[in-house]
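Trainee: Kindly generate the complete structure, drawing on both the sequences and the hints.
Chains as they are written, first to last, in the numbering used here: chain A, 1 to 146; chain B, 147 to 292.
Because the hints were derived from the structure by calculation, they are not lab data. Glycine included, every Cβ here is placed at the ideal spot set by N, Cα and C. Check before you lean on any hint, since a few could be wrong.
Claimed, not checked - Covered stretches of chain A (in silico footprint by chain B; criterion: 3 or more residues with CB under 8 Å from a CB of chain B, positions within the stretch not fixed):
(1) 39-45
(2) 71-83
Claimed, not checked - With a cut-off of at most 16 Å between alpha-carbon atoms, the simulated EDC-like pairs for lysine to aspartate or glutamate come out as follows:
(3) Lys-16(A) to Asp-291(B)
(4) Lys-266(B) to Asp-240(B)
(5) Lys-278(B) to Asp-173(B)
(6) Lys-162(B) to Glu-51(A)
(7) Lys-16(A) to Glu-290(B)
(8) Lys-162(B) to Asp-94(A)
There are 2 protein chains.
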Amino acid sequence: MHKIYYPYTEFRSDLKELVQKIDQKFDAIIPIARGGLSIAQMLGEYYNIREVYAINTIGYDDTVKRDEVEVFNVPNLQGAKTVLIVDDIVDSGDTLVEVLKVLQNTYPEIRFYSAVIFYKPTACIEPTWWVKQPKGWIEFFWSEDL
Amino acid sequence: MHKIYYPYTEFRSDLKELVQKIDQKFDAIIPIARGGLSIAQMLGEYYNIREVYAINTIGYDDTVKRDEVEVFNVPNLQGAKTVLIVDDIVDSGDTLVEVLKVLQNTYPEIRFYSAVIFYKPTACIEPTWWVKQPKGWIEFFWSEDL
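Mentor: Encoded structure:
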C-alpha cells in the first residue's frame with residue numbers, strides 16, 4: 001500500500017480540528033496504547049483532564065491481523081459518567097469494538113465516546129468523532145522520527 | 147519562574163539523545179501519565195516494544211505540590227524482567243520515588259530503570275538516564291500546541 005508520512009505539524013492541525021468537533025468535556029480519557037498515547041496527552045492538556053488512563057490490546061502482528069483482540073490493563077473508572085476513548089486510526093474497527101465491549105461490560109453505567117484521527121469507512125464501527133480518511137498506509141511521526 | 151516553550155523539534159532531538167544514552171531493550175515501558183505518554187509512544191516504536199503500560203499518579207495541584215503522591219492503575223507486569231519508567235521531568239523527584247516504590251513492592255523480582263528528558267539536580271532522586279537540566283519552567287508542546 002502507498003505509504004504516507006504523517007508529520008507532527010499535520011497531527012497538531014488535525015487535533016485542532018478534532019477538538020472543535022468534540023466540543024465537550026469528559027471525566028476521563030482512555031488512550032488505546034500505543035496508538036492513542038500522544039493524542040490523549042494533548043487532549044488531556046487541552047481539556048485540563050488529569051484522568052488519562054491507558055488501556056492495552058493485543059491484536060495486530062505487524063501488518064498481519066489476528067482474529068481476536070485481547071484487552072487488558074482496564075483502568076479504574078469508578079465514579080466517571082462520560083469517558084472518551086482515543087486512538088490514532090480505526091482501520092478494521094476490531095480493536096475499538098473490543099475495547100468498547102470490555103469497558104461497557106465493566107462499567108455499564110458509563111457513557112463511552114470515541115475519537116480518532118483516521119477512520120476507514122470499511123471499518124465495522126464508526127467512532128463518534130474522526131478527522132479524515134487515510135489515503136494509504138499512514139506512517140505516523142512517532143514511528144518514524146527517532 | 148522564567149517560562150520556556152519546548153517545541154516538538156527539540157523533543158525529537160532530545161529523544162534521539164536519550165535513546166543513545168539508554169542503548170538497551172526492556173520487557174515493558176511504563177509512562178507516568180500524563181507527562182510520559184508521548185515519550186513512551188515514541189520509545190515503544192523505536193525499540194519495537196508493544197508492552198507500553200501507563201501508570202497514574204496524583205501529586206501536583208497545578209504548580210502547588212501536595213505532600214503525598216498517590217499511585218494507581220498499576221499495570222500487570224507478570225513475567226517482565228527489566229522495565230523502563232518514563233516521564234517528561236524529574237522536578238522534586240517525589241513522583242518517581244513513589245512510583246518506583248509501588249512498582250518495586252508489587253514486583254520485587256523486576257529491575258526498574260527510569261528515563262526522563264529534564265532532571266533538576268535538586269530532586270531527591272536521579273533517574274537512570276536524563277537529557278538535560280531545565281533552565282526555567284518548561285512549557286511542553288503538548289500543553290501549548292492546541
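Trainee: Which of the numbered hints above does this structure break?
Mentor: 5, 6, 8
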